[in-house]
Amino acid sequence: GNSVTQMEGPVTLSEEAFLTINCTYTATGYPSLFWYVQYPGEGLQLLLKATKADDKGSNKGFEATYRKETTSFHLEKGSVQVSDSAVYFCALRADSGSARQLTFGSGTQLTVLP
Amino acid sequence: NAGVTQTPKFRILKIGQSMTLQCTQDMNHNYMYWYRQDPGMGLKLIYYSVGAGITDKGEVPNGYNVSRSTTEDFPLRLELAAPSQTSVYFCASSYSDTKNTEAFFGQGTRLTVV
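Quick note, the sequences are listed as chains A and B, same order. Residues in the first sequence are numbered from 1 upward in steps of one, following the numbering used here. Residues in the second sequence are numbered from 115 upward in steps of one, following the numbering used here.
Next comes chain A alone, as it looks inside the complex:
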């Protein structure tokens, strides 16, 4: 079946540090890949997505590139802010069938200190 593996947290960084959160996946076919963010006390919201190999998703200074050769979709940001403190989830949505439902990684808690 499909699966998503994220680097374990929690991750603590100082403001303006560089962020990488690793995400790798297992899926048949050509899934779409997503990063969702969950701010404290809120539901998940889409941060960015990529729908085919070599696509780069970007939003709010975050980027992730769909790498089919390494089955990865690592999230990066060049300079994090305190307001980026949240839980980040990598997810995929497969090509067809009941597996089209979103499959999530376990989430990575990010804390950014001033």
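Calculated from the structure, these hints are not laboratory results. Among these hints, one or two may not hold up.
Examples of chain B residues lying across from chain A (beta carbon under 7 Å, computed) [claimed, not checked]:
id, residue
1, M155
2, G156
3, L157
4, L159
5, A217
6, F219
Simulated restraints on C-beta separations [claimed, not checked]:
id, chain 1, residue 1, chain 2, residue 2, range
7, A, S3, B, D187, 30 to 36 Å
8, B, S181, A, L113, 34 to 40 Å
9, A, E15, B, G167, 47 to 53 Å
In this text, a Cβ means the ideal position worked out from N, Cα and C, and glycines have one as well.
We have chain A; now place chain B onto it with these hints.
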């Protein structure tokens, strides 16, 4: 825009009690989902619906029931609550189930069974 609205936000249940988690969306989405989020784990799909009157089991349906009498509402019923159902529950919706489609999430219901 209200989006996806869940009630209640918090609830404590005694073992053996039952309750209904409410979910409503105002985006006219056909597809709706219930997930549970356990600490350190990704979101697991409980049930989903592809339209009014149509529901299907997800990955972890045991101990839950759903109904979908209208496009807007997708309540989740817990019968005979057990400590293993202590979790955070998220309702989500999407306009389709194609692989490129993002899901919109409610704020979650934190349920504790004691």
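Hints, verified against the model:
Because the smallest distance between the Cβ of B:M155 and any Cβ of chain A comes to about 5 Å, under 7 Å, the interface hint for this residue holds. Given the 7 Å rule on beta carbons, the hint for B:G156 holds: about 4 Å separates it from the nearest Cβ of chain A. Here the hint on B:L157 is kept, as its CB sits about 4 Å from the closest CB of chain A, short of 7 Å. The interface hint given for B:L159 holds, since its Cβ lies 5 Å from the closest Cβ of chain A, which is under the 7 Å cut-off.
Residue-level restraint check for B:A217 holds (minimum Cβ-Cβ distance to chain A is 6 Å; threshold 7 Å). At about 4 Å, the closest approach between the beta carbon of B:F219 and any beta carbon in chain A falls short of 7 Å, and the interface hint on this residue holds. At roughly 32 Å, the beta-carbon separation of A:S3 and B:D187 lies within the given 30 to 36 Å, and the hint holds. Our hint of 34 to 40 Å for B:S181 and A:L113 is violated, since their Cβ atoms are close to 46 Å apart.
Distance hint check: the CB atoms of A:E15 and B:G167 are about 51 Å apart, consistent with the given range 47 to 53 Å.
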